[in-house]
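S.K.: Sequence:
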Amino acid sequence: MKDKMQDKIQELIDVLKEQKETMEKNKTGNKLLWILAIIGAVCAIAGIAYAVYRYMTPDYLEDFDDDDFEDDFDDYFEDEDAVPAKAAE
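Start counting at 1 in the sequence shown, then tack on 1311, and there's your number in the working numbering.
In case anyone wonders, no lab produced these hints; they're calculated from the structure. Among the clues, some could well be false.
Said to hold, decoys possible - Here are the simulated lysine-lysine pairs, DSS-like style, with alpha carbons at most 25 angstroms apart:
#	residue 1	residue 2
1	1342	1328
2	1315	1336
3	1328	1313
4	1331	1319
5	1331	1342
6	1328	1338
Note that the coordinates shown come from a computational prediction; the quantities given were computed from them, not determined experimentally.
Sequences are here, hints too, so could you generate the full structure?
M.R.: Given below as structure tokens:
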């Protein structure tokens, strides 16, 4: 009867050791999981902040009309060519 009792106690001790080892492994896994969760949350907040910034910032390129610039550019060079012709007369 003592042998059975000692076997049961030894079995209980082994089970407790296994549980302790798995808990230690889970702590390491949990630390990694927490680190990745924090990094993910920071990235999500940064992405949302960037999206709000892009939405709220006015687009100044809409005010710039490319056709008007080209017309002024052409007029400038046409006027330079016309000046020597007038001076020659």
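S.K.: It remains to establish, for every hint, whether it holds in the given structure.
M.R.: Hint by hint, here is what the structure shows:
1. 1342 with 1328: holds (21 angstroms)
2. 1315 with 1336: violated (32 angstroms)
3. 1328 with 1313: holds (22 angstroms)
4. 1331 with 1319: Holds - the C-alpha atoms of residue 1319 and residue 1331 are around 18 angstroms apart, at most 25 angstroms.
5. 1331 with 1342: holds (17 angstroms)
6. 1328 with 1338: It holds: about 15 angstroms lies between the C-alpha atoms, which stays within 25 angstroms.
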